[in-house]
Amino acid sequence: MSRQPVEKALYLADEAATVAAGEALGQACIDTGMAAGLVIFLGGQLGAGKTTFSRGVLRAFGHRGAVKSPTYTLVEPYEFADFRVYHFDLYRLGDAEELEYMGVRDYFGPGSLSLVEWSERGIGVLPVADLRLELQLQGEGRELKLMAGSDAGAAVLAGAHFAKI
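Under this note's numbering, the final residue of the sequence shown carries the number 1339; numbering is consecutive throughout.
Any given hint could be a false lead.
Straight line, CA to CA, 35 Å or less: simulated DSBU-like cross-link-like pairs of lysine-lysine [stated by the list, open to error]:
{"no.": "1", "residue 1": "1182", "residue 2": "1242"}
{"no.": "2", "residue 1": "1182", "residue 2": "1319"}
{"no.": "3", "residue 1": "1338", "residue 2": "1182"}
{"no.": "4", "residue 1": "1338", "residue 2": "1242"}
{"no.": "5", "residue 1": "1338", "residue 2": "1319"}
{"no.": "6", "residue 1": "1319", "residue 2": "1242"}
Rather than coming from a laboratory, the hints here were simulated on the basis of the structure. Just so it is clear, the structure is predicted and the values come from calculations on it, not from any experiment.
Between the sequences and the hints, there should be enough to build the whole structure, so can you do that?
If you want it as structure tokens, here you go:
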């Protein structure tokens, strides 16, 4: 990365705020033209809101249906007019090499946005994240930390408008 890493921290009071933060980030992906080819890692303990945040990202792209955690299938694809969003949940992954058997590298690249929960279980196989998010329970809400890992991630983070949350 040619510039210093970009970081933001937000307090999300409830589930609605978590969805709204995801929607703001998803809209920034669209507005900056970075939606295709972006990899976002979502971290945090069980129940921290990773899938809820992902629901918000998908709403920005126009998805109005349910968003479930793909814990057993490992990946849930969402097709849109110009690209795809892949929502990964690697919680039940036994070994990172299992990702190779499912052809995981085909999911990353031009034309796709990848949201990856439990990314630490895919170390050595997954690409480097453009953005890393960490959700931590804090009182009744959660703290969200966002860290850019590439110029594309920094552009998205700089373009995200979280003011209404």
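Practice task
Sort out whether residue 1242 lies within 35 Å of residue 1338, counting only the CA atoms.
Solution key: 25 Å, holds
Practice task
Below or equal to 35 Å on CA atoms is what counts here, so check residue 1319 against residue 1242.
Solution key: 23 Å, holds
Problem - residue 1182 paired with residue 1242 [C-alpha distance capped at 35 Å] - result: 26 Å, holds
Practice task
Quickly compare the C-alpha distance for residue 1182 and residue 1319 to 35 Å and report which way the hint goes.
Solution key: The given pair, whose Cα atoms are some 6 Å apart, holds under the 35 Å limit.
Exercise for the section: Would you mind confirming whether the straight-line C-alpha gap from residue 1338 to residue 1319 stays at or under 35 Å? Expected result: Distance ~17 Å between residue 1338 and residue 1319 Cα, so the pair holds.
Practice task
For the pair supplied as a hint, residue 1338 and residue 1182, confirm whether the alpha-carbon distance does not exceed 35 Å.
Solution key: Measuring from Cα to Cα gives roughly 15 Å; hence the hint holds.
Going through the hint list in order, the structure satisfies each hint without exception.
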